[in-house]
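**Q** The working numbering applies: residue 46 is where the sequence shown begins, and numbers increase by one.
Misleading hints may appear alongside valid ones.
[Claimed, not checked] Taking lysine to any residue pairs in the SDA-like style, the calculated list, with each CA pair at most 25 Å apart, reads:
# : residue 1 : residue 2
1 : Lys134    : Asn119
2 : Lys134    : Ser53
3 : Lys134    : Leu61
[As the list claims (entries may be wrong)] Label pairs and their in silico Cβ distance ranges:
#  : residue 1 : residue 2 : range
4  : Asn119    : Ile64     : 32 to 40 Å
5  : Phe106    : Asn159    : 20 to 28 Å
6  : Gly125    : Ile64     : 46 to 54 Å
7  : Pro122    : Phe51     : 22 to 30 Å
8  : Ser86     : Trp152    : 47 to 55 Å
9  : Asn159    : Phe78     : 14 to 22 Å
10 : Ser53     : Tyr88     : 54 to 62 Å
11 : Lys133    : Leu102    : 19 to 27 Å
12 : Val123    : Leu61     : 23 to 31 Å
13 : Gly79     : Asn119    : 56 to 64 Å
14 : Lys134    : Thr80     : 39 to 47 Å
Note that these hints are calculated values from the structure, not bench results. Cβ atoms here follow ideal geometry from the backbone N, Cα and C, with glycine treated the same way.
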Amino acid sequence: MPIYIFWSGYGFLVPLIYIFWIFTAAGFTYLIFGTTDFTLSMYSRIIFLSCMLYTALSLYFMGKYINSSKQIINIDPVSGEKNYENQKKHTFMFIKIEYWGILMFFWFLIGIWNELNEYYQL
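Turn these sequences into a full structure, and let the hints guide you.
**A** What follows is the structure, encoded as structure tokens:
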């Protein structure tokens, strides 16, 4: 049971989606620049940050979908009584998946701010 310390339900998808988009960014950077070094130019960092945005959007909308407040109806076959139960919440490190999307979006905004600050010497 120690695995549930880090996630519950589909929470394990948070790092997997992040890793998928990081490898996608590295692949695009390699195809365009011939290297996977994100510090090579501003454009390679923009590719990385756009993949961070895709990570944020993927996590947010996936989390909203799978953590929706639908209820499961169990009908007792003997008495015919309906029992309503809430679905299992999908979390990673005790944070819902859609909130990880919001955190990734703020990380994206901080990265964009740093790029603009470096480019325009703010």
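**Q** Work down the list of hints and note, for each, if the structure agrees.
**A** Hints and how they fare:
1. Taken as a hint, the Lys134 and Asn119 pair is honoured in the structure, with Cα atoms around 18 Å apart against an allowance of 25 Å.
2. For the proposed pair Lys134 and Ser53, the alpha carbon gap of about 7 Å is at most 25 Å, so the pair holds.
3. Between Lys134 and Leu61 the CA atoms are separated by roughly 18 Å; this keeps the pair inside 25 Å, and the hint holds.
4. Distance hint check: the CB atoms of Asn119 and Ile64 are about 37 Å apart, consistent with the given range 32 to 40 Å.
5. For the pair Phe106 and Asn159, the beta carbons lie near 26 Å from each other, so the given range of 20 to 28 Å is met.
6. For the hinted restraint 46 to 54 Å between Gly125 and Ile64, the CB-CB distance of approximately 48 Å keeps it satisfied.
7. The given range of 22 to 30 Å is broken by Pro122 and Phe51, whose C-beta atoms sit roughly 37 Å from each other.
8. Range check, Ser86 to Trp152: about 21 Å between beta-carbon atoms, so the 47 to 55 Å window is missed.
9. Under the hint 14 to 22 Å, the C-beta atoms of Asn159 and Phe78, about 20 Å apart, fit the expected range.
10. At roughly 39 Å, the beta carbons of Ser53 and Tyr88 sit outside the given window of 54 to 62 Å.
11. Distance hint check: the CB atoms of Lys133 and Leu102 are about 24 Å apart, consistent with the given range 19 to 27 Å.
12. For Val123 paired with Leu61, a C-beta distance near 42 Å fails the hint of 23 to 31 Å.
13. Distance hint check: the CB atoms of Gly79 and Asn119 are about 58 Å apart, consistent with the given range 56 to 64 Å.
14. Between Lys134 and Thr80 the C-beta distance comes to about 41 Å, which sits within the given range of 39 to 47 Å.
Hint check: violations occur at hints 7, 8, 10 and 12; the rest are consistent with the structure.
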